[in-house]
Amino acid sequence: MAQQLTAETATEERAEVAEWRPTLLAYLCNWCSYAGANLAGASRMPYDAAIRVIRVPCSGRVDPLMIYKAFERGVDGVLVGGCHLGDCHYSEGNYACQGRMTLVKALLKAAGIEEGRFRLEWISASEGSIFQAVVNEMAAKLRELGPARMGDG
Amino acid sequence: MPRVGVFVCQCGTNIAKSVDCAKVAEEAAKLPYVAHAATYVYMCSSAGQQMIEDAIREHNLSAIVVSACTPQMHQKTFEGCTERSGLNRYMSTMANIREQCSYVHKDPELATQKALELTAMAAAKAARDEPLFQSEAPINRKALIVGGGVAGIQAALDIAEAGYEVTVVEKTPSIGGRMSQFDKTFPTLDCSACILTPKMVEAYQNPNIRLLTYAEVEQVGGFVGNFEVKIRKHARSVDEEKCTGCGSCWEKCPQKKIPSEYDEQLGPRTAIYVPFPQAVPLVPVIDRENCLKFLKDRCGVCQKVCPANAVDYTQEDEIIEDTFGAIVVATGFDVWDHSDYGEYGAGQIPDVISGIQFERMLNLSGPTHGKVLRPSDGKEAKTVVFVQCAGSRDDQHGYPYCSKVCCMYTAKHAILLREKAPDAQAYIFYIDIRATGKGYEEFIRDAQRKYGAQYIRGRVSRMFRQGDKVRVFGVDTLGGGQVKIDADLVVLATAIEPRHDAKALSQLLGIGCDNNGFFNEAHPKLAPVDTMSAGIYIAGAAQFARDIPDTVAMASATAAKVVGLFSKEKLLSEPSVANCDVNLCSGCRACYVTCPYDAIEMTEHDDRAARMTRMVACVNENLCHGCGACSGACRSGAMTLRAFTDNQIEAQVEALCELVPA
Amino acid sequence: MDSPERHTQMRVAYYPGCSLEGTAIEFDQSCRAMCEALGIELVEVPDWNCCGASSAHFVNHDLAVALGARNLGLAQRTGADQVTAPCAACYARLKFSEYKLHEDPERLGQMLERGGVDYKGGLRVSSPLELLVRDYGLEALKEKLVQSLNGLKVACYYGCLLVRPTEMPSFDDPENPRSLDSLMETLGAEPVDWAYRVECCGGGLALGRADIVRKLIGDILDNAVEAGAECFVVACPLCQGNLDWRQTEAGSQRGKQYNLPVYYYTQLVGWCLGLPPQRLGIEKLLTPATTLLERKVSGLVSQVSEGV
Amino acid sequence: MADDKKAEKTLLGQVLALSGVHVENCYQCGKCTAGCPVAFEMEIPPQQMMRMVQLNLKDRALNANTVWVCASCETCSARCPMDVKVADVMDALRRIAIEEGVPAPAEARTMAVFHREFLGGIRRWGRLNEHELIGLYKLHTGKFMDDVGLGIRLFGKQKIRPWHFQKVKRTEDMARLFEAALSGEKDGH
Ligand SMILES: Cc1cc2nc3c(=O)[nH]c(=O)nc-3n(C[C@H](O)[C@H](O)[C@H](O)COP(=O)(O)OP(=O)(O)OC[C@H]3O[C@@H](n4cnc5c(N)ncnc54)[C@H](O)[C@@H]3O)c2cc1C
Ligand SMILES: Cc1cc2nc3c(=O)[nH]c(=O)nc-3n(C[C@H](O)[C@H](O)[C@H](O)COP(=O)(O)OP(=O)(O)OC[C@H]3O[C@@H](n4cnc5c(N)ncnc54)[C@H](O)[C@@H]3O)c2cc1C
Ligand code: SF4
Ligand code: SF4
Ligand code: SF4
Ligand code: SF4
Ligand code: SF4
Ligand code: SF4
Ligand code: SF4
Ligand code: SF4
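Chains as they are written, first to last, in the working numbering: chain A, 1 to 153; chain B, 1001 to 1662; chain C, 2001 to 2308; chain D, 3001 to 3189.
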């Protein structure tokens, strides 16, 4: 699963440069998913460079509007990452998040945003490889879907 | 106008290898609000830090961005820079261009572009940073301990030893808890009273410890450092100051047949009583529900015989109000009531008793003076069947969990049975043996080898009275086949369960209970004695079934937590807390129900513009942990989390989208 | 307090079941006679079918549910809101059908439709014992008694089906049932404290594996005798058959001679209501059963009738 | 749902599909065996039967006499601490044995015949004709002389009245009900 960074992967990356690059925005909770991303980094697990992370204290901080507005502004995909259920640093913030994200999905659907553009994932501080996989999967999906456009659902 | 300084770190070549740091700095300088940008080889080195501090002063910066490693590594370092150069400490933001950029993207062009975007996002946020302040609260350096079992006593002694005042609130007339009921304790078989009584007396005599027995916590307000607590001390009907514990009163009391709680209903007590001879304090209480004076206004013997004139029928409950800095909850456990087991006689067979009742039987000062006798006819019991896991590991009748101590105490019972009656035979029905402590497995083997206990692997299906015996239908799953034993006495290793009033107490304290009803720890591995409420700790069997070694270790751990808290000069709160804009708040309570720390109160707000008072949310900054769940829940945009405001997050998204080549 | 008038208006659908038409004819007779005397109107379920008893659910759960449901549908046509089944096995099967129908009403509904049945649920399934103890009331019953069992030492044998399966709501405690005991106390008998009240008698194994049944009832008989019982009272034709008919065999196997009549509770209630023994089928019991009852009343003026 | 398909092929999966009982919850405490009134006659006691199901040892489970001597008394189900409905599992195993043509072991054959004849009778008549059942049973098991004495005694008490039997009027309904119930399950229930 976890690839090591090699000369070939660097050249593969190169080929992408000229192409259209999707913008994948991620809201990651400080304690688990953000730390998981750091672990992927510390272990040199390469992944798609489309991702831009905004650190939040807890996935419970994520407001549906933060996702909706991001699509409005032109990002192509949004990832929300939190601690596994039961592991939340603040005990139950991720449950609050999970509840709200069902609303988000409905909202995005109504706005004509394809399903693959939004994901909620529980990624722990030790799951660097899962973070890598999720980012790669999502970025690939976004490349397949092309730029997001709102409102024509 | 904010003036942001950007400092791009090369981390030797860690970052510079794939990110063109000079280019990032150069481009960053063009970003809105950025007044200065620079790059350096090691930003966290003293030279790097000095460079930042100088730049802040020289360029009159109001906030900084350090594009470097993860904030989890050096956020605090760079906060030092802002603080030292006279800015508010928290006007410092990091962009993670190492772990989340240079380490994972080898392509220089992609990595450089990403680093720039991350820097721009951080700068957009930094431009909207506002000074944050940690609020300070004084600490009231007194500890409250709820429950005076071995856990409560140990915690009290440790805290008192460190020089702080402790109040122990114990519900029953004496401290001591379950351990005071035992004859001997596994795995070393030392006499329970011999090791516990000295501790009880020490707690009584320690000038730093105040024991409030026959008392309960009635109300808890405030927060860590300043809990305001109301305690009800039930009327004892005996003046604690005057009583000498001579015993004349309970010797003369005519009400002699009341089932003793301490003896688990196997023996009687009087209406004025001390639960056991070594009780601390050695001051009786009158059980008003059974006293003739209170029932029929007759008798009054105890008052007449008391040489110290201590008996006072007019005494009333006393309410004690006090403030504490920390609370330790050590209320222990209850024992599951086996009348739920119809197939085991529904509690109606006198010779089917619980493990804790057997403990009382084994005790020399107990109702049978240490003899193992059948409750039905007082004859000595020779064939004793023990049934493990009664009410534990049972989804149908009892609890799903393993009660942890019953394998061990059953082995202890089998050993003590042989010691008391060498011709007695113990049969132990078990499913598994769980003996996972120092010397525990060896203890079980001793029970088998040296004391001849017959272990039979299988659960008992049914038992009933057969003449003067109890017929037990079990199974030997290893030997194969059903087993029928006619026993003199059956001892059920009944489950350890939460105190029946644990839920109520947890609500009083604002700490949660788990699915089974035990108090919730903050983290099962890394914070096993903390609770989700700062300043409240749990010890012993109140958290889950625990044996004495675990209980005492936990108690000392809570004491270390309390002493650690008390050794601080003052309490500093989390700087990044939630804040409600009352003008926007609709009073919908969405935040209120979401907050895991009960940090939000709905309060009345005098809305001048609308000429009315309405309910709005209000954050108690001392309780807020800064998770932001409230802010995520708020539909009106009224609730924000400082340092992670909607405004700051939107600005980051905007900065990102502006830089993305269309 | 329930007024006797109310009871005279009780109207209940009656499901006799196959055994009561066959070898347990006396259970049927005594039950009808008892209800008549108490003013409980029994309306026989028209064209009822076998409940499937001990075989259907062995072999196929849907079939077991369907057989019961057809009867429930027919019972509902009588207009009564409750159907009573004396045989404990039938009672358990009907209750099971009613319970299972709620689990997947749609699928079972379709299945029943194909079998020409229309049952939407809502009927209460009871045993006449339940009817007596819970609906009629033991106090009300006491008022109607004309003779007492005068301390007859009786072992109340519930068997297994009356109180199981435990996942269905039961009118009595599954491990330590009391209803028969209280009924017997009301009749002036003295229920003995014994252990085998819910142990299985082997039920449907009687025909296929009489050897097993002999062993099981031997244990039951021994325990009852040890507890001082003079007779049994039962609520199930399988229990009655096994205990009564195979008593001699079980005895000779153990070198013992048992002599414990095995009454249906309906017979004993009928007896105390003063009904003639022939209407109760007491002479149909294999172990001689009339003398014991006669001995209990003879020479003793019944306390109950004295009070009336 | 490829997983389900696969699971259904295992004994554990088959039992789950037929009875809804999760046998994997059994932790082998033996309480079912301890209380089973006929365990002394079983080649494999109930608790070990649960183990056979867990391990998918179909041959061993179905070739034992266990399911045929089980009296369906539900004692095991009522007392299992893990809420494993053992009696329902026995029902399911019996069905699997019948459907897959596993012959009942010799001395358990009598019970298999009993159930077959019992149901056959209901299918034909709607009601159980006890006398027919006894007759057919004896015919098929060859146990003519068993219980003859008992039969004569019952006859004497007018408990056996072969001329009295009444069948259900709408026997065609009965046949259709059987068909519906038995076919329903072929659709996967
Ligand atoms: C039968 C049996 C035998 C055992 N034998 C052994 C053994 O040999 N060795 C061993 O290591 N462990 C043994 N244990 C386990 C041992 O009992 C526990 O480890 C120990 O008692 C836990 O101590 P505690 O202080 O947490 O709780 P407890 O001993 O239960 O003390 C809690 C105290 O809090 C008080 N309290 C409760 N609620 C309130 C309230 N709301 N307000 C104020 N006060 C309250 C209670 O009155 C009690 O005094 C045994 C347990 C049982 C059941
Ligand atoms: C295979 C395995 C799996 C486990 N899984 C779990 C699990 O899932 N959950 C769980 O709760 N527990 C688990 N445990 C138990 C867990 O490992 C221990 O509870 C825990 O590691 C104990 O921590 P410690 O600090 O006491 O000891 P250690 O983790 O052993 O740390 C001791 C440290 O002291 C250092 N040291 C040793 N001697 C000296 C010396 N003379 N001078 C200086 N330093 C020294 C060592 O190098 C080491 O860093 C597992 C254990 C094993 C073996
Ligand atoms: S600040 Fe971080 S990135 Fe820079 S040199 Fe120090 S460790 Fe490396
Ligand atoms: S007689 Fe008085 S002094 Fe003595 S124990 Fe009783 S109350 Fe205390
Ligand atoms: S007054 Fe009450 S407590 Fe005192 S001796 Fe009399 S009964 Fe006992
Ligand atoms: S400790 Fe032993 S007896 Fe107690 S529940 Fe666990 S396994 Fe059963
Ligand atoms: S930030 Fe978290 S802890 Fe603070 S008030 Fe909001 S929900 Fe409560
Ligand atoms: S969620 Fe927002 S609007 Fe609702 S009460 Fe809280 S702060 Fe006010
Ligand atoms: S009683 Fe239940 S858990 Fe125990 S062996 Fe039997 S089926 Fe398994
Ligand atoms: S249902 Fe069968 S397996 Fe269960 S206890 Fe009864 S006879 Fe034994």
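It should be emphasised that the hints constitute simulated quantities derived from the structure, not laboratory data.
The beta-carbon is built from N, C-alpha and C at its ideal position, and this holds for glycine as well.
Careful, some of the hints might be misleading.
[As the list claims (entries may be wrong)] Pair by pair, the computed Cβ-Cβ distance ranges are: (1) C:Gln2110 to D:Arg3060: 35 to 41 angstroms; (2) C:Ser2182 to D:Asn3056: 44 to 50 angstroms; (3) B:Met1615 to C:Ser2170: 56 to 62 angstroms; (4) C:Val2043 to D:Glu3024: 27 to 33 angstroms; (5) B:Asn1515 to D:Glu3100: 53 to 59 angstroms; (6) A:Ala140 to B:Met1073: 39 to 45 angstroms; (7) D:Asn3056 to C:Gln2110: 47 to 53 angstroms; (8) C:Lys2142 to B:Tyr1313: 28 to 34 angstroms; (9) A:Leu103 to B:Glu1240: 49 to 55 angstroms.
[Claimed, not checked] If we take Cβ atoms under 8 angstroms as the criterion, some of the chain B residues that face chain C in the derived model are: (10) Gly1342; (11) Glu1343; (12) Ala1346; (13) Phe1464; (14) Gln1466; (15) Arg1471.
Now for the hints, and whether the structure bears them out:
no. : hint                                       : verdict
1   : C:Gln2110 to D:Arg3060: 35 to 41 angstroms : holds (38 angstroms)
2   : C:Ser2182 to D:Asn3056: 44 to 50 angstroms : holds (48 angstroms)
3   : B:Met1615 to C:Ser2170: 56 to 62 angstroms : violated (50 angstroms)
4   : C:Val2043 to D:Glu3024: 27 to 33 angstroms : violated (47 angstroms)
5   : B:Asn1515 to D:Glu3100: 53 to 59 angstroms : violated (42 angstroms)
6   : A:Ala140 to B:Met1073: 39 to 45 angstroms  : violated (31 angstroms)
7   : D:Asn3056 to C:Gln2110: 47 to 53 angstroms : violated (33 angstroms)
8   : C:Lys2142 to B:Tyr1313: 28 to 34 angstroms : violated (48 angstroms)
9   : A:Leu103 to B:Glu1240: 49 to 55 angstroms  : violated (60 angstroms)
10  : Gly1342                                    : holds (3 angstroms)
11  : Glu1343                                    : holds (5 angstroms)
12  : Ala1346                                    : holds (5 angstroms)
13  : Phe1464                                    : holds (4 angstroms)
14  : Gln1466                                    : holds (6 angstroms)
15  : Arg1471                                    : holds (7 angstroms)
The structure fails to meet hints 3, 4, 5, 6, 7, 8, 9 from the earlier list, while all remaining hints are met.
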